[in-house]
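Chemist: Chain by chain, the residues:
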Amino acid sequence: MSEFSEKDVQRSVTELETKSASAARLFDIRRIIGLLFVVYGVIVTICGIAPSDGSLDKAEGVNINLWTGLAMLALGLFFLVWLKLRPAAPPPPPVGMEERELGGDH
Amino acid sequence: MPPTHLAAELRLPANWLDYGLLAIYFLFVLGVGFLARKSVKTSLDFFLSGRSLPAWVTGLAFISANLGATEVLGMAANSAQYGVYTVHWYWIGAIPAMVFLGLVMMPFYYGSKVRSVPEFLLLRFDKSAHLLSSVLFAFAAILIAGVNLYSLAIVVEALLGWPEWVAIVVAGFFVLAYITIGGLSSAIYNEVLQFFVILAALIPITVLGLKRVGGWDGLTDSLTAQKGGDFVTAWGGTGIGSDNPLGANWLTIVLGLGFVLSFGYWTTNFAEVQRALSAKNLSAAQRTPLIAAFPKIFIVFLVMIPGLVAAVLVPKIGQASSGLEYNDAIPYLMGQLLPNGVLGIAITGLVAAFMAGMAANVSSFNTVFTTDIWAKYVKRGQEDAYYLRFGRLITVLGVLASMGTAFLASTFSNIMSYLQTLFSFFNVPMFVVFIIGMFWKRASMVSGFWGLLAGTVSAMVNYFVIYKQGVIDIPSDQGANFVSAIVGFVAGAVVMVAVSLFTRPKPIEELQGLVYGTKSPGMSEPAAEGDDAWYRRPALLGWGAIILAAACYIPFSF
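Residue numbers (the working numbering), protein chains in the order written: chain R, 101 to 206; chain L, -8 to 549.
So here's chain L without its partners, still in its complex pose (with noise of 0.2 Å):
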């Protein structure tokens, strides 16, 4: 949930030695969209690095487009106000999808040399499919880029007090500058880059603010004392018909978050995918989303135990009384515990984890935008020196609409939860759509685009109708989103059944590689040197990331 609002009393001490370590890493990040310009000679190059990145780099992009600050200060808002629960999102809500991922669908994405999400749709059903889906997705991406670079102008202007605009058109012209000269090897580059200094940011707050508790067992039992004790357990208090400040019971936690709404963004979100199909060859583009899931599964720690901790500090956080909203939570802690050197660092990660969100959403827009939409509907047949300009003018344009999209969000303090759960909708039967199109050949040429329409359209009904209109009773916002996840699912596939009896199948010989049980003609590539070595192994890799996890969960347990 990014913050609508940050408390005043927020403003953090920082001074020259900050600002020089913030501009030292603006200077780096325009430094690499210039070093990557030599590289970018043809289309493929601007929108998918060539198809030629290594696994690790791929794999920490992938990590680090997720790790957009929404996400950071979501997180630990959340870890503030629902305790332990968090790891939901991070271990069942993340690992089984990303495994997936990459031991199932990508030898399809990879193999079928689609360059987007949309592109895979049009050979696996047709023109409307690909067309609803292009539009939908570009219209997201944008939104979202948006919602990144306000979230980021209100959060700098409550820490540094710059004026909202400053940091909306200097952020935002910082990350036109690199995508437009560097495309999207500037943009996976500068989220490497990013992956690192986020580390750099949270590790000390965390450190710290264990410290200030009295270490995890001084943390673990404040929480208990204020809050009771499923507030740090994963699954206390989750019994079916059982009430929690979530809303949710085992089941929407598994079904909801774990396999539908998790699903749905690892396995169709383009800006995700797009990562994974700029590596060099199959092992690496298997790898990248396995490559990922580590960090993940301990990453929620470091934005956890910053909720916690301020959860503990700031006992009424939330409510009124405190002035602190659970947004506040990393901000407050940055203030209170980080001395000026340190302070930079961290001020240098938050900036950065908005700057890799958005630049992961613009990057995938002008992807989409010229590959699918424009080059296949608009301008037809021209040269793929025209589209590297197209792309180029696109981004910009991008940019500047999302610098729209941001100021417009600023007028409306409430659109952006509306916004947030609105694109939960677009994932889950995007969601629907991929994985009964390439495990059921029978599923039929027109059954993508209503199965799309319907799954989105039964969404927002739940969502908007059913649940604030209040005709069925979830307490949280969450607590619903998980539901309309699991409604959205259902219509889709039940659409995509019933419209694929009575309509025309995609002939087999079209379906090469697209659907479960055929090959790609072209994925005849012999194995990379080095790629058989026991830890390039995907499934080794997908299997240990899922037993690590749910080892995770244990200590959380019981």
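Same shape as in the complex, but just chain R (with noise of 0.2 Å):
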């Protein structure tokens, strides 16, 4: 029975690495987070617009629907402006069993 050894892991998971497309194809994860939170901020914040009395009894007086609505949007914007600042790095070029650590940071 053949050993199975560091060696072999290397290898395998070296070339899978580099047929993997998370790299090249995952999208970003900031448009979808941003786009929750926007939608989710402006119907909260549509729901503090008119409270009833009711709510803001039961909430001490703090229009909660309000204030929890606008920071939701809050951030949803950030992260879009974040992403809009700060672009993904374009995938690398497909390249062989070389080092591919050259993009930058999100």
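Honestly, the hints are just simulated from the structure, not real lab data.
If you're wondering where the values come from, they're calculated on a predicted model, not measured in any experiment.
Yeah, the Cβ is synthetic: ideal placement off N, Cα and C, and Gly gets one too.
Check each hint, because a few of them may be wrong.
What the hints assert, rightly or not - Each pair of labels, with its calculated beta carbon distance range:
no.	chain 1	residue 1	chain 2	residue 2	range
1	R	157	L	217	22 to 28 Å
2	L	481	R	105	30 to 36 Å
3	L	205	R	185	39 to 45 Å
4	R	105	L	155	47 to 53 Å
5	L	217	R	149	36 to 42 Å
6	R	118	L	545	49 to 55 Å
7	L	510	R	108	14 to 20 Å
8	R	105	L	310	57 to 63 Å
With the hints as a guide, bring the two chains together.
Modeler: Next up, the structure:
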């Protein structure tokens, strides 16, 4: 029975890394987070614009829908702006077995 | 401690708006799965995101995988029961281990290019250690996923009135769909999303809860009056031999929780380590647990304060007369404080937290089952595409099995606390085997298997025989866990050393990159551009987190 050694792992994983599609084709999650929180922020802020007395009493007099809605909207916009200002580095050109860590960070 | 039962009158006044917010979340989660699908071409993509993710993503996924709802609800319950002692689970009980993982262990994990924690044991020890740890892990992962699913079902039934089986099937189906389609990238991306949704859920509860009881001072005053001054301190009443509800003293807290249990979980639990292994280079992998440490330090306030507030508002919480269990703390506050709108966000956050806990276990299960068990012992030498297909198949089977264990758990009300304890047993012996294997070249090939076996068995013996049969008196389950952890650690270590002295060590050429003091042959990649920025230095991040956590203790220690 052959020993499975560190060299075997290095070889198979490095080979898979060259064929891997994640770096090139995985979308940027910031767009999704930004979108979700903008949507949530808008909906909840609208709830907060005309709160009923009941909901204000429940929440200790704090217009929690308005505050939470605005905070989520701000978070969503932060992600979208971050994405715009520092877009993901373009995927590296396909290489053989060489190291390819040259792109900038997100 | 996951909820075994929730009080009947916790039904939330949720309306179409709240359900709409929840539905939007499910759409996004599925969408992430479909979008991630394009990137899955190899098994490395499916199981490890092609090792290409940036540190901020893996760091947030790392903390999010830990923020399962059993953790959130359970820690709030802990606070309602034990007070400010809860901070120990977040500061001493997490930060040192997370920093150790990032600074010390990650060069070995990431540099060796192993695809899983058991694979590291295969390289360091032998096939028997590998097979034992893989099987234990796979088994534990499915059971934990099922516990998460069942806990979700109980909570959803109490809060929204859905029958348990509906919640199990619906939530299980969503997790199954997005992980089968998009692999680990989908799981990790959704965990990052879940992190922010969970924050959006907990912050309003905390803020309003504090307002209700008169701010932090009002809270501490009421608690001191009801439960005594120690309740709002971290260390009060923890002298050795003194009496406290936790049944632990500062020594068992520091050694049992802070060292053994905590290191066992954070450094060898593959559901967590997998997130770091998917990072794009060594610097990002090292920074993953370090980046995660900072939210970990502060999130305690978002789960502890609701628990404390519940203890004030419902003084007899946890006792039969109040009609509320400790686990009901957060659901109770949701019903009391949140109007529709934010209520929907809170419900979504809770559901998101359950799904995060389940998904992390499913995604680590499918990796260990495919690359460690199937590809090494059942069907060797196939093409990569075969293992990718198999990975998807076993994901479906794994989720179905989790649904099965969820239904099984529903028939026993007490089995869940036993399961929690059992799983802490599995983590500690793994940690012993790792730490000795990583630092002692002489640890022999077979010592890994025997150390793992000895540690696991002795921790179980301590819990089931010595504690449960009352041989030694320990007042609480948590206190007993700390002791079992120390016992498991010591037993595993002793056996490893003894066995190593009589058996063959591994030749040093085969230990390159696996033991402290050696370098991995594949690890001479140049640093990525920008990775030497001051805020990207692992040492700075790591020590910064430790100092911050220590500083946080100060207000609670006098």
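Chemist: Could you tell me whether the CB distance from residue 481 of chain L to residue 105 of chain R stays inside 30 to 36 Å?
Modeler: Holds: the Cβ-Cβ distance is about 32 Å, inside 30 to 36 Å.
Chemist: Indicate whether the distance between the beta carbons of residue 105 of chain R and residue 155 of chain L respects the range 47 to 53 Å.
Modeler: holds, 48 Å
Chemist: Given a hinted range of 14 to 20 Å, is it respected by the beta-carbon distance of residue 510 of chain L and residue 108 of chain R?
Modeler: Given about 18 Å between the Cβ atoms, the range holds.
Chemist: Taking 22 to 28 Å as the stated bounds, is the beta-carbon spacing between residue 157 of chain R and residue 217 of chain L within them?
Modeler: holds, 26 Å
Chemist: Between residue 205 of chain L and residue 185 of chain R, does the beta-carbon spacing fit 39 to 45 Å?
Modeler: With Cβ atoms ~43 Å apart, the hint holds.
Chemist: Return holds or violated for the Cβ distance of residue 217 of chain L and residue 149 of chain R against the range 36 to 42 Å.
Modeler: holds, 39 Å
Chemist: Taking the CB of residue 105 of chain R and the CB of residue 310 of chain L, does the distance hold inside 57 to 63 Å?
Modeler: At 59 Å between Cβs, range holds.
Chemist: Do residue 118 of chain R and residue 545 of chain L keep their Cβ atoms within the hinted range of 49 to 55 Å?
Modeler: Since the Cβ atoms of residue 118 of chain R and residue 545 of chain L sit about 51 Å apart, the hinted range of 49 to 55 Å holds.
In this structure, none of the earlier numbered hints is contradicted; all agree with it.
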